[in-house]
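Visitor: Once you've looked at the hints, dock chains H and V against the given chain P.
Chains as they are written, first to last, in this note's numbering: chain P, 203 to 298; chain H, 7 to 424; chain V, -19 to 990.
Hints may be right or wrong, so weigh each one.
Have a look at the derived ranges for each label pair, beta carbon to beta carbon [stated by the list, open to error]:
#	chain 1	residue 1	chain 2	residue 2	range
1	V	433	H	252	25 to 33 Å
2	H	252	V	472	51 to 59 Å
3	H	223	V	959	51 to 59 Å
Derived DSSO-like pairs (lysine-lysine); straight-line CA-CA distance at most 30 Å [unchecked claim]:
#	chain 1	residue 1	chain 2	residue 2
4	V	744	V	687
5	V	967	H	101
6	V	687	P	213
Keep in mind that the hints were calculated from the coordinates and are not lab data. We put the CB at the ideal spot given by N, CA and C, even for glycine.
The primary structure of each chain is shown beneath.
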Amino acid sequence: MLYIDCPYCGKRAHEEFTYIGDATKKRPDGAEKNDPAWVDYVYTRDNPRGPHLELWHHGLGCREVVKVLRNILTHEILGAGRPADDIPLPETETKP
Amino acid sequence: MAEYSVFSLIKNALNGHKSWQRAWRDPEPKPSYDVVIVGGGGHGLATAFYLAKVHGIRNVAVLEKGWLGGGNTGRNTTIVRSNYMLDDNAHFYEKSMKLWENLSHELNFNVMFSQRGVLNLAHSDGQMDRFARRGNSMRLNGIDAELLDRKEVKRMVPYLNYSDEARFPIYGGLLQPRGGTARHDAVAWGLARGADRLGVDIIQNCEVTGFKRTGNRIEAVETSRGTIGCGKIGFAVAGNTGYLASKLGMKLPIESHVLQAFVSEPLKPLIDHVVTYGAGHFYLSQSDKGGLVFGGDLDMYNSYAQRGNMETIDHVMRGGIAMVPSLSRLRLLRHWGGVMDMSMDGSPIIGKSPIDNLYLNCGWCYGGFKATPGSGWVFAHTIAEDEPHPLNAGLRLDRFERGHILDEEATGPVPGHH
Amino acid sequence: MIRGKEQQPFRISEGGEIERTRPLAFSFDGKSYTGYEGDTLASALLANGVKLVGRSFKYHRPRGIYSAGPEEPNALVNLRSGGRQEPNTRATQIELFAGLEAKSQNRWPSLALDVMGVNDLASRFLFAGFYYKTFMGIPGWHFYEHFIRKAAGMGTAEHVSDPDLYDKMHGHADIVVVGAGPAGLAAALTAGRSGARVFLIDENDKPGGRLRSERETIDGKPAMDWAASTLAELEEMENVTLLRRATAFGYYDGDTIAVLERVSDHLPVPAPFQVRQRRWLIHAKKVLLATGSTERPLVFDGNDRPGVMLAGAARTYANRFAVRPGKHAVVFANNDDGYRTALDLAEAGIEVRGVIDPRTGGQGPLKEDVIAQGIDVVSGAIVVRTHGYLGLAGVDIADLATLQSGAMPETRYIPCDLLATGGGWSPNVHLYSHQSGKPVYDPAIAAFVPGESRMNDRSIGAARGRFSLGDCLADGYTAGQESAEALGFTTGAVADIPSTDEQATGPLKILWQVPALPGRKGRRFVDLQDDVTADDVKLAQSEGYVSVEHLKRYTTLGMGTDQGKTSNINGHGVLAEARGLDVSEVGTTTFRPPYTPVAIGAFAGREVGRHQNPVRRTPMHDWHLAHGAQMMEAGLWMRPQYYLGKDEPNSREAMFKAIERETLAVRNAGGISDVSTLGKIDIQGPDAAELLNRVYINGWKTLAVGKARYGVMLREDGVALDDGTTSRIGENHYYMTTTTAEAGPVMEHLELHLQVHWPDLDVKVASVSDEWAAMAIAGPNSRAILQDLFPQLDLSNEGFPFMGVREAKLGTFPARIFRISFSGELAYEIAVPAGYGEAAWERCLAVGESHGLVPYGLEALNILRIEKGHVTVAEIDGRVSAADLGFGKMMSSKKRFVGDALSTREGMDDPGRPTLVGLTPVDGTTRIRAGSILVEDPKAPPPVPKLGHVSSTAPISPNVGHPISIGLLKDGPNRIGDTVWAVFPLKGEAVQVKVTSPNVFDVEGARLHG
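So that you can see chain P by itself, here it is in the shape it has in the complex (with noise of 0.2 Å):
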């Protein structure tokens, strides 16, 4: 079970959320259709072997999205906001 600390309602297990995807993408609204931005958006991905920012829908709670950093090769989570929030890489990843 991962443990997403949703901003609005508190630690959550992850069976509440739906995964979305990569957090890093930004919706080029306002570029041309033809610009490659848009090829990028939709079908690029980092995909990187640790820290990833990725968003969750907390669809059985408050029904919002949920930023998440999450190191995706050991499933630890960093660090959860809103979309909007810089969530920075912890200093350390010591465990208490």
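Guide: Showing chains H and V alone in chain P's frame:
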């Protein structure tokens, strides 16, 4: 090297198994090769095998970071089928199916290819219509397919849930009789032995750590066993393609996701076909050793970890019992995870890359195992000829920007949904 | 009980944990026996002198009871019968209950005489990997496979339904302690005293772990006294939950421990309304793994015969179950446990005929105790061979040094029926490994111990290689206290760690395989269940399968139901020796969950049968059922397919009659259908129109209050997502409808864009699908019916035009009325709050009766919409663009909308793409099946070029008079009037069809606007 046969078996049995040789050599890497294949899974090994066999290119190395077949080749549920609707997929997978049908003979290694039939169940009129469309397309492409109604399904697989208690009744199914299973590890070993016998160097415990580039070419790969020069280089590292590509500054239409697989305790023959549930995601077969082998959906979040979580496990088991109620009392022996290259349209990418001498074989989603020989065959052609074979022309990387999407599941650019 | 004693010749008259006052009758392979409460099936069988219990996987060798726990490789039985049958069940973990029935497995016709035993004679041909080297020729693998499969497998299962229930529970803990042996009990005690919420999980019927099997003391008293008082204190603590008969089988992310609690498996059947098993997910802050250790076998010639048993198991049977596992014993161990075993067996009244110790020195003081008892101790010696077939008759021992020098040693035969053997203990690192923990090799104990923790776990006691009781207690007391303190609990002073009286032990001698006598071809089993021998391991190594994973997969080492609990380390040791490496260099395979096999039903819980998924019902559901509706699944929803008349029996003919009746009623009078399943989204805010403008392909800024508009949405990739109408209810208030299937995805689509991409838009969306019941009234009489329902409304074309929206009272119910039509008829949709749904529906029908209003189901609805060429999910299938569906002109060029950019890619924008058309059989009568493929030439050989497909079809169209279909055809608009073929090779059918407009009924729309 000695052929495997009944005679060699008897001879060795009588001499205490003294004259079996190594299945493949364990060479030191040479300074450079005409072609370097990164990834010693089924696809990489098949590519090397067909490069040597079909194209006469034998100065080839396969670099494997761990042990051969240790990625998804040895982690999948071993289903082989070519029941695709879209032409570009159908022709490619059917080529693979034809190669499977002769693979044990071709490799002189029994990969236990068992054409026991793959049956997809339908649970609504709409699903039956979609299966009809797929089955008809298959038949027009020269691929075997049969549409079964409920009674015919019941005759073939009487142990499914036909009772009024079934939440989603069975309307019928689409059967590919030539579909089936194969022994996954044997595929890697047989291909390794076959490639090795043609002169290919198979180098295990050799992790690629970087690349030496000149202009738009890769001159050499840096590995945990030194720098190895390459004329051409092919990636066959599904699950980790995105990671390797990032070392070249390349971004791909791929996300890595974890898919879990399951096996039960060994049982006497119970399930004779491959059967898939249509009102959820569940697929089931029985291995020759007796374990029921099954799987379902992805865990639905990006992951490079080769393990999953309980929510998905529960979901899979629920689908299993819905399809075959008698599974309830049988026991799960083991479950594990593999990392999938989930492409953005659910279809693989085989072709050239933006780098001159780099070729990509990736994006296999759930379906890489069945493609193994076909993938190697067309990838070898693509590398040897520096252009895709007509069979993989539709699988090229630029189909996304060109809008020629191959979305078999029709679920859009959401990798988890394919 | 005298009777019980007579029947249990190997039962010791005193001691043990069994209840001699409660005898239990049971049967094995049809023969009746008696045991006692407190027995396992294994101990009861041994008490009765039954030693032959199973047959091995490959060679069908006779096998007995090898262990006393979850590691059992041999004694697998088929427990119970009928729907409760459980193949492959470990006799060592089955608690005896009255009337227990068990059968042996993998034998025919009987356990003693198994025909497949010939495999044993042919074993030289059935070596590791033999099947990869043959069966390649004609007639092919699928032929041979049939026979191989029958020979393989273990237990037999049948397709019968499980009558029992399973539960799922969640637990929330500060500290989870796995295992209630000395370390676990101690840890739970100090953690529990701090007030922390503790879960203590133990797989046995009662706590104590290894203490139950040994004759040790704590603070000068029997160790189980300490366990009992500790347990009593724990049971008093409200913050401590003890789960008995509960196996922690998996360690998942977030420090989630999965546990299987066997609630009723120790009973003949579960009590009424009680579950069989309960699957827990326990969410922990800290996890203490006190999972103990497993004894390793020694690998020698004939080490698999019934009567060869792990030394620790022999002590368990003697001490805990008061059973003599033999009469005359030899002990063979590479460590001081051999002496402990000899002492315990002697105490149990077994004649110990020798302790064979390959070591020549360094033994602890226990050796002297053994010698003092007059037991023969042979140092520097090994067992080189066993004798017997269905059971052990004796062993040959020889001098190890002589053998290792290559010379042929003298052997000495010792007759015995029990050989207790042990190669040292391996920590149970399974749970630790589940979370990608990497065990490290500890040469001092010749085993892998937990390495660095990746989660909030800490292994204690034997689980980390601290085997002495004193160490286990110290580890437990300390870890419980420290873990509680780390979580902020106060524990006060350090607890006094009780004292123990153990003897010191000498170091063990690593002996991965015991050398065989020169020239002898005997088999030394590494993996007893899957029949993997030391020679198989060496063969695999010589063929290049040198990775431990290759070894496992090539030889099947560790692939049995025991998952290699007793075999892995020895196999890896033999491999390491063959490769000339240290075990630490060859590594170990990854342990996978579950620790022991778990019933699949326990993962499904109650979500089986009808409860697999929720059923969604509309507010009018009961009315439909009461009025002849034949219901069908539509995703999770149940919807009326058609309505039968009163007392009309269902049949294919009746169905077609009903569909025709309903279709004609709508076109000629009036019909009402339940459209509550459509998705409904309430949209409010000053930027509502802007949102609609961005998500629909057409423009929304000009929509007036009181009007509805049809819209189509795309995904970002330009593929059609959904269609539906959205109405402007007020200045900043809109009501959107979606298709039934896409209600959820559209809602998420809006939420994602609003919250992430366009947070600046001042608009809110809320799903109101379940808040509104909706019904469509369609047909030429619908206006008259509406007028009767809403006498207050002006329903004239001017007063309430097509695409108009009104709010009005239906009697006393608030209602929204939309003049929209899916059937092409003059039609209205009425939405009322869900609670009024059924009443409103009944009122419509009551009022409409005089106008000929009848309910119609999905089938009629489908025909009506196909006649008009309206699309559904059959056409919006996830691959088509708006233009493919004929909506190209709707795509506004004056604004930007989701999906506009990628719609312009060459592959999406190609005018040659298949486009929506109507299809009519040229002969006017032949039905066209949905799923047919459109081709030019029905006789062309494969691969046949495809022009498109038939997406929806009406086998009858009473209004048009012939079968009709719609589909997508390449270059469709330019092919109107052409003929092509709709082929259905799955049934060998081909129908010549004429291409038409998709709209073939009332093409001008006179009815709609009437």
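Visitor: Hints first: check each against the structure and report whether it holds.
Guide: Verification of the supplied hints:
no.	hint	verdict
1	V:433 - H:252: 25 to 33 Å	holds, 29 Å
2	H:252 - V:472: 51 to 59 Å	holds, 53 Å
3	H:223 - V:959: 51 to 59 Å	holds, 55 Å
4	V:744 - V:687	holds, 20 Å
5	V:967 - H:101	holds, 25 Å
6	V:687 - P:213	violated, 44 Å
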